[in-house]
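Chains as they are written, first to last, in the UniProt record's numbering: chain A, 1 to 347; chain B, 1 to 347; chain C, 1 to 347; chain D, 1 to 347.
I should point out that these hints are in silico values taken from the structure, not numbers from a laboratory. Treat the hints loosely; a few may be bogus.
It does not matter which identical chain is used: a pair holds within one copy or between any two.
Keeping only pairs whose Cα atoms sit at most 25 Å apart, straight-line, the calculated SDA-like set for lysine to any residue is [said to hold, decoys possible]:
| no. | residue 1 | residue 2 |
| --- | --- | --- |
| 1 | K162 | G276 |
| 2 | K192 | G276 |
| 3 | K162 | R220 |
| 4 | K162 | A219 |
| 5 | K162 | A221 |
| 6 | K192 | F164 |
| 7 | K162 | H130 |
| 8 | K162 | Q222 |
| 9 | K192 | M320 |
| 10 | K192 | D252 |
| 11 | K162 | L313 |
| 12 | K162 | Q267 |
| 13 | K192 | A299 |
| 14 | K192 | A34 |
| 15 | K162 | R255 |
| 16 | K162 | E223 |
| 17 | K162 | V83 |
| 18 | K192 | P333 |
What follows is the residue order along each chain.
4 protein chains.
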Amino acid sequence: MFFASDNSGPVPAPVLESLTRANDGYSIGYGGDALSQDVADRIRTLFEAPDAAVYLVPTGTAANALALACLCPPYGTVFCSPVAHIHEDECNAPEFYSGGAKLTLVPGGDRMTPEALRATIAAEETRGVHGPLRGPVSITQVTERGNVYSMDELRALTAVAKDFGLPVHLDGARFANAAVKLDVTPAEMSWKIGVDVCVFGGTKNGLMGVEAVVIFDPARAQEFEFRRKRAAHLFSKHRYLAAQMEAYLQNDLWRDLAGRANSRGTQLVQGLTQAGVRVHNDTHANMVFFDLPRGAHRAVMAAGATYHVWGSLDGPADEMLMGRLVCDWSVQPEAVSAFLAAVQAAG
Amino acid sequence: MFFASDNSGPVPAPVLESLTRANDGYSIGYGGDALSQDVADRIRTLFEAPDAAVYLVPTGTAANALALACLCPPYGTVFCSPVAHIHEDECNAPEFYSGGAKLTLVPGGDRMTPEALRATIAAEETRGVHGPLRGPVSITQVTERGNVYSMDELRALTAVAKDFGLPVHLDGARFANAAVKLDVTPAEMSWKIGVDVCVFGGTKNGLMGVEAVVIFDPARAQEFEFRRKRAAHLFSKHRYLAAQMEAYLQNDLWRDLAGRANSRGTQLVQGLTQAGVRVHNDTHANMVFFDLPRGAHRAVMAAGATYHVWGSLDGPADEMLMGRLVCDWSVQPEAVSAFLAAVQAAG
Amino acid sequence: MFFASDNSGPVPAPVLESLTRANDGYSIGYGGDALSQDVADRIRTLFEAPDAAVYLVPTGTAANALALACLCPPYGTVFCSPVAHIHEDECNAPEFYSGGAKLTLVPGGDRMTPEALRATIAAEETRGVHGPLRGPVSITQVTERGNVYSMDELRALTAVAKDFGLPVHLDGARFANAAVKLDVTPAEMSWKIGVDVCVFGGTKNGLMGVEAVVIFDPARAQEFEFRRKRAAHLFSKHRYLAAQMEAYLQNDLWRDLAGRANSRGTQLVQGLTQAGVRVHNDTHANMVFFDLPRGAHRAVMAAGATYHVWGSLDGPADEMLMGRLVCDWSVQPEAVSAFLAAVQAAG
Amino acid sequence: MFFASDNSGPVPAPVLESLTRANDGYSIGYGGDALSQDVADRIRTLFEAPDAAVYLVPTGTAANALALACLCPPYGTVFCSPVAHIHEDECNAPEFYSGGAKLTLVPGGDRMTPEALRATIAAEETRGVHGPLRGPVSITQVTERGNVYSMDELRALTAVAKDFGLPVHLDGARFANAAVKLDVTPAEMSWKIGVDVCVFGGTKNGLMGVEAVVIFDPARAQEFEFRRKRAAHLFSKHRYLAAQMEAYLQNDLWRDLAGRANSRGTQLVQGLTQAGVRVHNDTHANMVFFDLPRGAHRAVMAAGATYHVWGSLDGPADEMLMGRLVCDWSVQPEAVSAFLAAVQAAG
């Protein structure tokens, strides 16, 4: 019953097998090897973007911060949700990589609305050089609160960005979970709706530590390459990043893994709803935010469940606390059933 | 006959086996797992530094840039060799991570002399706020030109730094090769001679991509932790960095791998010297810099050797060009013999 | 009827006279001259802080950004009001000077409440290295909406900062106006209530362009000096900054000028209130925020008044728009009377 | 006999008079006032560059650092002389403003040679992303060692930059002294020979603290404006910068002042040469570098001369030490004669 995070599970066998295959003889460093080139080509094909610049980095924070640094000058600002990972969980990495840009928070929840985005950008338009220059709009799909933007919602946001001539960054740490949930192609959820730079995440979906940054305008490639090296994210033994991504792309493993995680998420939502438990996110992929009395949280954890709760477990038993359940690809249906049974027992 | 670099060979079997062992079930992210904690303890033990702060990062550039950022304010300067990796091969990473510090080059070759270091620091002492504040001294061991500082040479450099009250950073991308060559312990080649922050490299010596940063003053730990996260080098699935390092430490694998590479280096030096070829570095570990006429380089490469040459292979056959041979752990004696035979044949 | 800003009026005669006096013969550059030293001493005396480090810079943004850079690491965050000048009007200068720190906005209006400040700091305490390190609390006195914190309100805010061990920065661009309004000494409104670094503004109160940064802990002096030079704010002909400040301190000119501006502010508040006009700021020094119908704004401006209005002057005549009136030291009572008459006429 | 620096003398009367004239009534802040606009137009006319973007900043370091930040990305490098002001006297300001760019020093003295510049740029061309991207070439005219590049020498340097497609920055802190010395127009010494961004210095030539940055490609204007504000160098009371520059341009005051300073320089060179004293700089404007025995330096200073000497005045009387004489506009011929007499007496 481990639902703490999707960065805590093991990697599937094909990833280790691919690493083993790649570990043969000599290969040129820094991404010049055949495997790295081939993997980049496969991602271009997957995104139906033959001219895209594609780069592998080891962490999602690196992918986001490097992408934003290419889209936002140091005297600019990035528009994002108040709970965006780039704002809440990257310890100033976007500010660091951009050389001092701001993040301007769009009022509301995890899903930005086009109205709030438009109003926020417009408000930043009024101060000339006294305020920052308007920079990229950053969208997180799946959001940090477990919701999946619909395609219409995404289009509405990118349309606002385009109205102001601003580029769009997609934080796709859980890109796979969203694409599977919406049953769309990577192209449909990126450049076809106006995304300029897309992070195609692998780490939260079963890889040891690889994210692909897909830049649809190749004119931005050189800057990214220098910024990646300067940020110490260009691996000398690049084949070991490429090998993980190769396995991820092979036989749509990325879709398979995301599908498993999403199914567990659905099983959780249905079970909790049937049990009369309030679920916060009205859409979902592999994360569920829900309420239980503190006492029930304690009982469920005592039964062996691991997950994150907002607030201390010490306190009045009947006080409601929000919990977060995250399913990685390896969670078994039995684990979900056991969790739901524990919730029932605690109810 | 592959002597292009020590970042181009495969990793030894124990590393893959350790990754496979580590890939079992769930573990807490971001280095909070037992394996990561255990590996840090082993490094503290290896360095005889029970209070040291120890961190794993994926690249040598990250290790150097983060270490220097903790030792040098943005208005300071780092003293290093003109051919130091931090100056020549990290695309401004130290400047970036430090927030704009300078590198002040100590005149001379790859091995700084205490006299040149002292004179350079003294010269920077004269301009008050018009020049940068004096910052750390950065020493590369093994140097970028293949030389190994003797213990006396290292002590002489750290003594100069201490005379000015400056901290010392050791770029140990090839720490293992040097320690084996000098037959000293990690403690002897670091804090016991005045090194404040030491990079214990793994990538160039057989790992996929892991370096340990050992900070002997634990008061500097918090800053490093925030800087590592901000720089996007804190891995969520940290166990896969730890697993590589675990294998590296097990049964002194790090010494074994470095010993192999150094032996090939010795074999090359001896063979080239016997063949009357000029070898540049008067000491060596696993790298050899040597001169051959351009025509001979062409012939040796035609015979199947791969290595770096300074200058174009197109030109007068009799012009002398410097070549660089780097042995990784996996180079076989037969490959060296074949290379030397090719040199003889080309002579 | 010029109420657009307190950076648009002329400087008083004593400032020009002091510049003329200072313009005699040779003097050492970069602040080493006797006048610069003497002015620093006078400020130390004024603040009853014999050990304080005191520096002159030409702009308020430079004073704030340099002060914050000394108080906040690049991986930290500054707590301030959502309408703070450092957030809204300095084009990322704090982010730039600090090397990428964040500003965390304390929910509410221009006057932070201790409750909101405490809750905001506490919320930032929970994420470890995933969020920024907690940094300084920045207080703007007079606020950007014209309010003057009472001494009790200031003490309550600094007390919260101290509870978390955080330093306090006071943006005193209008320090003089506040001190005169509250009838307190510079010491009482700074270090005696826990301010660590205070900006003693001159530019908005009659100088051409000089602000003093008063750092009560001299251990922070060296860092400030290097940061000021690095930021290109160390004047070679420093005597011309010092001369302005000398005139400002002579015979309490700074109090005299602020007193004049504040009196005009009071005259405006009283007149507008009597006229039944809503005034937003419940306390005031030299700024008044008020509501008039758009048509009335148009009529008052047609009568010759100059001031800032939130929103376009084109639109329905009866829609209420907020205006801002700022009195500099040189505004005459007659100008205020004329303005109030114009408002009456427009009513 | 004050020859310590050209930032230590008084400003000429017209500058104070212009400040007094400008100090009349209200004017819009931040450079929107008529005087500021007019002064920018006059500089465009002076430079025969009707489309140029022109900005005033208070210090030469600000002018250089802002200009370089617009010309060099954070992952780039600036090519300059080892004694360039941007390298030796700006405490990492170019590194700070650019976000971490390097300065690559062109071997040689204060005057770069086209051969050395070409070789240095070519050497930086070889490392791809491992080294920085090639950035602007920065030329200092008059050099920091008192020499004045001939027009042919300048053309040779800009030609090398253009061969590599690199922009050219001219540090013209002493632009006026050079233009008068060479008897050329500002246009001839800037865009007509390939300078992209020119600093037209005023501070060292008689102003309190104003430099004009002339950007010949207006497409770079917006970036400069945001960077200037972000760096806290946009003055609210901009008219007081403009007023100084207005006086400087009126009746070619800038040429008059530079002419005076240069004449004193010539008087010094001739007198010293006649006295058999070695003068280092083979060309000159208002600075002279010369050798005297330590004892003679002591005697000349005892006679009342003030200037900078390389090395301590304590030591063997007969050891040769280099001294630097700088003439500002206000130095009188009598002061030079007195100095030369003191040298004779000390001989």
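Each hint, compared with the structure:
Taking the shortest alpha-carbon separations for K162 and G276, neither the intra-copy value of 42 Å nor the inter-copy value of 45 Å comes in at or below 25 Å. For the identical chains of this complex, K192 and G276 are neighbours neither inside a copy (40 Å) nor across copies (57 Å), given an alpha-carbon limit of 25 Å. Proximity of K162 to R220 under the C-alpha cut-off of 25 Å is found in both arrangements, the shortest distances being 18 Å within a copy and 23 Å between copies. Within a single copy, K162 and A219 get their C-alpha atoms as close as 19 Å, and across copies as close as 22 Å, so both meet the 25 Å cut-off.
Both within a single protomer and between protomers do K162 and A221 lie at most 25 Å apart by alpha-carbon distance, with minima of 21 Å and 24 Å respectively. In the homo-oligomer, the alpha carbons of K192 and F164 lie at most 25 Å apart inside one protomer (18 Å), although the nearest pairing across protomers, at 38 Å, exceeds that limit. Within a single copy, K162 and H130 get their C-alpha atoms as close as 23 Å, which meets the 25 Å cut-off; across copies the closest is 31 Å, which misses it. Both within a single protomer and between protomers do K162 and Q222 lie at most 25 Å apart by alpha-carbon distance, with minima of 24 Å and 21 Å respectively.
With identical chains, the CA atoms of K192 and M320 are never at most 25 Å apart, being 42 Å at best within one copy and 44 Å at best between copies. Only within a single protomer do K192 and D252 lie at most 25 Å apart by alpha-carbon distance; the minimum there is 21 Å, versus 53 Å between protomers. For a Cα distance limit of 25 Å, the shortest separation of K162 from L313 qualifies neither inside one copy, at 46 Å, nor across copies, at 28 Å. For the identical chains of this complex, K162 and Q267 are neighbours neither inside a copy (38 Å) nor across copies (48 Å), given an alpha-carbon limit of 25 Å.
Proximity of K192 to A299 under the C-alpha cut-off of 25 Å is found in neither arrangement, the shortest distances being 47 Å within a copy and 51 Å between copies. For the identical chains of this complex, K192 and A34 are neighbours neither inside a copy (29 Å) nor across copies (44 Å), given an alpha-carbon limit of 25 Å. In this homomeric assembly, K162 and R255 never come within 25 Å of each other (Cα to Cα): the closest approach is 30 Å inside a single copy and 51 Å across copies. Taking the shortest alpha-carbon separations for K162 and E223, both the intra-copy value of 22 Å and the inter-copy value of 21 Å come in at or below 25 Å.
In this assembly of identical chains, K162 and V83 lie within 25 Å of each other by CA distance solely inside one copy; the values are 23 Å within and 28 Å between copies. In the homo-oligomer, the alpha carbons of K192 and P333 never lie at most 25 Å apart, since the shortest distance is 35 Å inside one protomer and 55 Å across protomers.
Taken one by one, the earlier hints fail for this structure at numbers 1, 2, 9, 11, 12, 13, 14, 15, 18, listed in ascending order.
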